[in-house]
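Engineer: Protein sequence lines correspond, in order, to chains A and B. Here the first sequence is numbered in the UniProt record's numbering, starting from 1 and rising by one per residue. Here the second sequence is numbered in the UniProt record's numbering, starting from 1 and rising by one per residue.
Just so you know, the hints here were simulated from the structure itself, not pulled from any lab data. Every clue listed holds true.
Here are the simulated lysine to aspartate or glutamate pairs, EDC-like style, with alpha carbons at most 20 angstroms apart:
(1) A:89 x B:73
(2) B:276 x A:411
(3) B:5 x A:100
(4) A:297 x A:248
(5) A:76 x B:77
(6) B:97 x A:77
(7) A:76 x B:81
(8) A:97 x B:81
(9) B:76 x A:82
(10) B:76 x A:77
Pulled a few chain A residues facing chain B out of the computed Cβ check, cut under 10 angstroms:
(11) 40
(12) 95
(13) 124
(14) 292
(15) 392
(16) 407
(17) 409
Glycine residues also receive a C-beta, built at the ideal position from the N, C-alpha and C atoms.
There are 2 protein chains.
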Amino acid sequence: MSAQKPSIPKGTRDFGPAVVARRNYIFGIIRRTFEKFGYAPLETPTLENLSVLTGKYGDEGDQLLFKVLNSGDFLKDVTADDLQNEDGKATRRVLPKVAEKGLRYDLTVPFARYVVMNRGTLTFPFKRYQIQPVWRADRPQRGRYREFYQCDADVVGTDSLLCEAEIVLMMSEVLNTLGLEDFTIKINHRGVLRNIYQALNSEARETDLFVAIDKLDKIGRDGVTKELLERGFSEAAAGQLFDLLAVEGSFTDKLEKLRAAFGAASVPTDAADTYKGLQELGQVVDFLSSFGFEQFKRLEFDPTLARGLSYYTGCIFEIKINNVNMGSVSGGGRYDNLTGAFGLPGVSGVGFSFGVDRLYDCLEELNLFPENAATTTRCLLTNFDAEGMLSLLPVLRALRAAGVPSEMYPESKKLAQQFKYADAKGIPYVLIQGPEERVAAQFKLKELRTGEEKTLTLDQVLATLA
Amino acid sequence: MSAQKPSIPKGTRDFGPAVVARRNYIFGIIRRTFEKFGYAPLETPTLENLSVLTGKYGDEGDQLLFKVLNSGDFLKDVTADDLQNEDGKATRRVLPKVAEKGLRYDLTVPFARYVVMNRGTLTFPFKRYQIQPVWRADRPQRGRYREFYQCDADVVGTDSLLCEAEIVLMMSEVLNTLGLEDFTIKINHRGVLRNIYQALNSEARETDLFVAIDKLDKIGRDGVTKELLERGFSEAAAGQLFDLLAVEGSFTDKLEKLRAAFGAASVPTDAADTYKGLQELGQVVDFLSSFGFEQFKRLEFDPTLARGLSYYTGCIFEIKINNVNMGSVSGGGRYDNLTGAFGLPGVSGVGFSFGVDRLYDCLEELNLFPENAATTTRCLLTNFDAEGMLSLLPVLRALRAAGVPSEMYPESKKLAQQFKYADAKGIPYVLIQGPEERVAAQFKLKELRTGEEKTLTLDQVLATLA
Numbered sequence: 001m002s003a004q005k006p007s008i009p010k011g012t013r014d015f016g017p018a019v020v021a022r023r024n025y026i027f028g029i030i031r032r033t034f035e036k037f038g039y040a041p042l043e044t045p046t047l048e049n050l051s052v053l054t055g056k057y058g059d060e061g062d063q064l065l066f067k068v069l070n071s072g073d074f075l076k077d078v079t080a081d082d083l084q085n086e087d088g089k090a091t092r093r094v095l096p097k098v099a100e101k102g103l104r105y106d107l108t109v110p111f112a113r114y115v116v117m118n119r120g121t122l123t124f125p126f127k128r129y130q131i132q133p134v135w136r137a138d139r140p141q142r143g144r145y146r147e148f149y150q151c152d153a154d155v156v157g158t159d160s161l162l163c164e165a166e167i168v169l170m171m172s173e174v175l176n177t178l179g180l181e182d183f184t185i186k187i188n189h190r191g192v193l194r195n196i197y198q199a200l201n202s203e204a205r206e207t208d209l210f211v212a213i214d215k216l217d218k219i220g221r222d223g224v225t226k227e228l229l230e231r232g233f234s235e236a237a238a239g240q241l242f243d244l245l246a247v248e249g250s251f252t253d254k255l256e257k258l259r260a261a262f263g264a265a266s267v268p269t270d271a272a273d274t275y276k277g278l279q280e281l282g283q284v285v286d287f288l289s290s291f292g293f294e295q296f297k298r299l300e301f302d303p304t305l306a307r308g309l310s311y312y313t314g315c316i317f318e319i320k321i322n323n324v325n326m327g328s329v330s331g332g333g334r335y336d337n338l339t340g341a342f343g344l345p346g347v348s349g350v351g352f353s354f355g356v357d358r359l360y361d362c363l364e365e366l367n368l369f370p371e372n373a374a375t376t377t378r379c380l381l382t383n384f385d386a387e388g389m390l391s392l393l394p395v396l397r398a399l400r401a402a403g404v405p406s407e408m409y410p411e412s413k414k415l416a417q418q419f420k421y422a423d424a425k426g427i428p429y430v431l432i433q434g435p436e437e438r439v440a441a442q443f444k445l446k447e448l449r450t451g452e453e454k455t456l457t458l459d460q461v462l463a464t465l466a
Numbered sequence: 001m002s003a004q005k006p007s008i009p010k011g012t013r014d015f016g017p018a019v020v021a022r023r024n025y026i027f028g029i030i031r032r033t034f035e036k037f038g039y040a041p042l043e044t045p046t047l048e049n050l051s052v053l054t055g056k057y058g059d060e061g062d063q064l065l066f067k068v069l070n071s072g073d074f075l076k077d078v079t080a081d082d083l084q085n086e087d088g089k090a091t092r093r094v095l096p097k098v099a100e101k102g103l104r105y106d107l108t109v110p111f112a113r114y115v116v117m118n119r120g121t122l123t124f125p126f127k128r129y130q131i132q133p134v135w136r137a138d139r140p141q142r143g144r145y146r147e148f149y150q151c152d153a154d155v156v157g158t159d160s161l162l163c164e165a166e167i168v169l170m171m172s173e174v175l176n177t178l179g180l181e182d183f184t185i186k187i188n189h190r191g192v193l194r195n196i197y198q199a200l201n202s203e204a205r206e207t208d209l210f211v212a213i214d215k216l217d218k219i220g221r222d223g224v225t226k227e228l229l230e231r232g233f234s235e236a237a238a239g240q241l242f243d244l245l246a247v248e249g250s251f252t253d254k255l256e257k258l259r260a261a262f263g264a265a266s267v268p269t270d271a272a273d274t275y276k277g278l279q280e281l282g283q284v285v286d287f288l289s290s291f292g293f294e295q296f297k298r299l300e301f302d303p304t305l306a307r308g309l310s311y312y313t314g315c316i317f318e319i320k321i322n323n324v325n326m327g328s329v330s331g332g333g334r335y336d337n338l339t340g341a342f343g344l345p346g347v348s349g350v351g352f353s354f355g356v357d358r359l360y361d362c363l364e365e366l367n368l369f370p371e372n373a374a375t376t377t378r379c380l381l382t383n384f385d386a387e388g389m390l391s392l393l394p395v396l397r398a399l400r401a402a403g404v405p406s407e408m409y410p411e412s413k414k415l416a417q418q419f420k421y422a423d424a425k426g427i428p429y430v431l432i433q434g435p436e437e438r439v440a441a442q443f444k445l446k447e448l449r450t451g452e453e454k455t456l457t458l459d460q461v462l463a464t465l466a
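If we strip away everything but chain A, and leave its shape as in the complex, we get:
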């Protein structure tokens, strides 16, 4: 075959050693936090049947699914008639004949599929986390990729609000451990949004209200007002909306003020099903207080938070890193009907997800990656000559046995080139044994960052590096 200039598909990325190490640093913190809270790992296949994926993400989502061609003679069922496109439906006709599998689009639908397929053997509540890539045939742009990782944690089979409280704890633990201290966890409840709609006492549609509120960040108060008027809400209703959304004060202050505005007698009480949103948010705060949660100033009750439309039914979450200009790095919420599409109704749960690419960009922008996150090898043994090479091999072995990732430059090239290699690879230490040191059973250990060089015995080398 002729030589070709290779490339990778747009929207995909190679991750070289330094980047993988840094990504693994983030994954490791997320994974350990999830496990500390009792979430267990699940992995599902990259390939899912299109019957599982299609129809779960809306029409737009169906367009964005990557479909995999059937193997063998994929054309065997396609006729020339199928190609006739006067009705504009040729692709829709041909697609099911040529492709029955697709690439995972998110981690939620495969999770639901897994729960349904294994419902006879799973123990509920089932707490799983899942860290895997997903694929979307979206138009690539800065920060948006066609292949990217999601880090999800969900618990299904319980309505306990302890889960919501623990999600707040996990979110803040991950961010604190990463060193991202200036964050805001926004929380709201679908019930609060419904109460707001009810308070407006409008004949216009509830979903139109939520769609408009969801855009407040982007189009501002004027934009939202304009949209509401177009959708049949009155000026008065719009004005009342912004009065409700403008509640200020502490978390519980806001709960109280909204309760008063909604006309509820008291919150929380068991009878307050009408005000379930306020009640449940209050319960989450109570759990967090009992936990001794110290970061209430980072937890904001935001009645404008809507997070999409159809999926969530209870609490909803979103995290913003305040000192970086970037969208939310995490979000989630409670849902009532995870598995209904697969014939298993009544499975409720709550979950959330971290976006690793955005976390990565935040850490990079704020210079928060630990120095050693990008390094693997700790010590390079220089290769002086064939004889010296052999005599250093037991030292190389001893370093590795002591848990020190080490390597020997494989050829007896000029020392300058070997140092250049160490430098390029970010190896912090170089060990040298020339003929003189060999006779004395000693080594020169040089720290590249400082340039400091010491003459040491093997034990001293091990003590320094291990």
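On the provided structure of chain A, position chain B as indicated by the hints.
Structural biologist: Positioned in the frame of chain A, the structure of chain B alone reads:
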């Protein structure tokens, strides 16, 4: 949409929590070993351009590539004429019009592509490891999947045989750490195979000889002889072949005997390029001796090892676990021309790969997984009632802060059900605080395996579990 019974594509698998934990145990040991030897992680995209993949794996490989349908109107360039299949080439004509991307088929071609695309910035020798899934549209059968992981380590840009010696060290370190002690690392060299061919002094084709030898394991001496005769080798040549292949003794004994049989003056010497295979194997043994390698009895020079045909040019490796009935769990070798197909000639290297599915099956069959490999949560806090729940939350937090993965049962259900949950999830300890213990600021800690129950203070609980 209507409810459906979901399934996953044949040849793919879900990995539940216990299996993921065990697989991660294996991945972790492989990863740490690779890193200890100075190999740095690389990750490449799941999607590669078909121009990169096609033609790299032979005709059969091209058939087994999973191809991804172009997004949007994938039919736009397909005509009714293209579908005419009188020439049997319709799929070949249509394929490039409907699919330009495919799924990663192995880790070697993407690695070669990465090296070529980044040759300007990489520092050579470049040592990378890569642990990622690959996809092949093979007929699924026991132990063969359409989606499976490979764990590759390669170093390119050096001819040093130190790399081969370190591959033997890494192989044995991984197996020893996994507890797989009864293994054989088979090693051979393409040069030895060439010398064997030369010694037969036959006009028949060299590749036919290697293809036949490669089948010795499966079809035996009689089968190989039959095939050789069909391919134009004489009875005498076949007889001489088996004399050569039958050399016995220690590693160096075999080297010496073959050297004598080949008529070489001495091995190793620098002038022995004609007997480069024997010379290089000797050098690898010398390096291993200098390393203090203790497991020479596990390293077998096997002149019958051929490992495919076109790819390798130097040493070749393969690992067999002797006390399990299974194919090789690892293999590799040196190649001269990794990147030639992408226009960059002369990049030589050596690498090897572990098959994680086979290692998994070996560990399972030999019962070698550590007990705690499958467990994540260490302690379940029972949920007695609403009040008790709140008072236990600080304890839950203290356990997690001490690094003990812990969870509380989220609802105040019957204790029996909570214990059942712990049991099903493999949680070893259950912590209980009923009203009495609450007053006394004490806890009952029960170890499920033994049934032993102790009454402890918080400090004692932490000391037991941390």
